[in-house]
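Chains as they are written, first to last, in numbering that gives the first Met the number 0: chain A, 0 to 299; chain B, 0 to 293.
These are computed hints drawn from the structure, not numbers from a lab. Every residue, glycine too, gets a C-beta built ideally from N, C-alpha and C. Don't take every hint at face value.
To be verified - According to the in silico footprint, chain A covers these stretches of chain B (three or more CB under 8 Å from chain A):
#1 45 to 58
#2 96 to 104
#3 178 to 184
#4 258 to 264
The lines below spell out each chain.
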Amino acid sequence: MSSKRKIWREIPLYTMLAPAVVLVLVYGYAPMVGIVMAFQRVLPGRGIFGSPWVGLDNFAFIVSMPNILQVLWNTVRIAGLKAVAGVVVPVAVALMLNNVTSQAFKRTVQTVIYLPHFLSWVILAGIFVDILSPSEGVVNLLLRQVGLRPIYFLGDDKIFPWTMVGTDIWKTFGFGAIVYLAALTDIDPTLYEAAVVDGASRRQQTRHVTLPGIAGTIIMLSTLSLGNILNAGFDQIFNLYSPIVYRTGDIIDTLVYRIGIVNYQYGVATAVGLFKSVVSLLLIGLAYKLAAKWADYRVF
Amino acid sequence: MNAKIVKLPWFENLLNLTVLALLALICAFPIVHTLALSFSSASAAAGGRVTIWPVEFTTQAYRFVLDNPAFIRSFGISLLRVVVGVPINMILTILVAYPLSRSSTEFRARGFFAWFFLITVLFSGGLIPWYMVIRQTGLIDRFWALIIPGALPVLNTILLANFFRGIPKELEEAAAMDGAGHWTILVRVLLPLSLPILATLTLFVAVGHWNSWFDGLILMNAPAKYPLQSYLQTVVINPDPRMLTERDLALLQLISNRTTRAAQIFIAMVPILIVYPFLQRYFTTGIKLGSVKG
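With the hints as extra help, turn the sequences into a complete structure.
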């Protein structure tokens, strides 16, 4: 086919792409241009073209903030704990579900444990604030009945990060389990048959056939979660935190929100956001490299 | 595959079933408890007498909530958001997935456009520049602010493009022989073969629209324009006294704040519970396509 006819044939493809390209240019790429605000003192009403340049002042200001290292540590800590628990719990549950012989029981459990995945953190925060309340929450009422002292799940800064990890696992483990369960069904059945012939017990089957069978998926998903190490879960924390737990619960995203949206310090907030985007991008790049190497994963 | 699975020893099996049943209970309990609270009397809720069953059954909380014009209005905005937003999401997903699913000989700029879209997933300008652009484009306080900026779900597009690529080429080639162009191949050949994945993606973006709260919260200045989840965020999670009208204050004292909160939360969950059986049905399809590519 001549190159002219080729272009002719490609025109419908460009037509299909056109609306999305415009949209992504405006709402995906234009904000990237807006990053220049990180190097400006953004004045209200002057926008990014009229505001004065201040070099690295915003970054100097961030570094001088007394709580910045704490916020960074909180972010990495909460995200890291979630990432670890987010592999261990779903894998364990998937293996347990795989051992269930009654299909009805298996289906019932699955139905119940996936549901929280589809509920927003606004709804879940509404539920958790109520049931975890130290005065009237049902969890603490139960604790009291067993003779324990009430726990300030959301009001004690030593406990708050663990409450975040726990409630996050509560929401996500069912979804995670089905991912691994899907990987389990891809394991070659003849491997199990061979194990049976060799006289393997159920536990030996799990150890020597099932686990190695999903190892690729485990490695891939844990590697990819590296890119999320600065995403400690804005939706969750924003809806559950309060000033009394800032010491351990404030994360980069909530800080950006308060600096930018609440206090209108656009330049500083953009600078913090830029730092986060750059570090995340580097980590995602690294994660994909590792995932490609270890688990042969490709996006396309 | 059960035939070739050796059974666990009975006590391990029992332990396994018990732990799983406990996990299911832990997942269900908070939701059941909220439902029970919403149908309980104010005094029973305040006295901590409610666990998984309504105590002193009453629908008072629901009557209060459904009498509140602000709640009804935000519920309506959320519904409208789903009805308008989902078709737009799906049309754009399909229109972008098709060109990206072509081979690079058929569409030479394919690689360029794939990266063009993917980069926006990997890197973003951050919250403030995003907000500024939406303000510059005049969407603040407009319903369309909830639809337009996120109108192209890039990851769904990649899923669908990968799915299109998995469809046997012979079908397209046969159509092309008969003189079919790209549009005909997309509409007549690929789409009919993609109904399950299209259903999956439709449900997922619908749930996404229903659950979104942050965009409404910061892009709408007037609470009267909040979708339901943003409304709940300001009324239930972070109550702002300015948001409460005198009527609210007077009535709230009559019935427990707690039961009304539970009722509002439960009503917001109802649409999800309605589509949940369908979500579940397509769940495995979606996940297999998404995370674990064969």
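Per the coverage rule (Cβ-Cβ under 8 Å, at least three residues), is the region 178 to 184 of chain B covered by chain A? With 3 residues closer than 8 Å to chain A, the region 178 to 184 of chain B meets the three-residue bar; holds.
Using C-beta distances, would you say chain A covers the region 45 to 58 of chain B, given that this needs three or more residues below 8 Å? holds (count 4)
According to a criterion of three or more residues whose C-beta lies within less than 8 Å of a C-beta of chain A, is the region 96 to 104 of chain B covered? Since 3 is at least three, the answer is holds.
Are three or more residues of the region 258 to 264 of chain B within 8 Å, CB to CB, of chain A? holds (count 4)
Consistency with the previously given hints is maintained throughout, with no hint failing.
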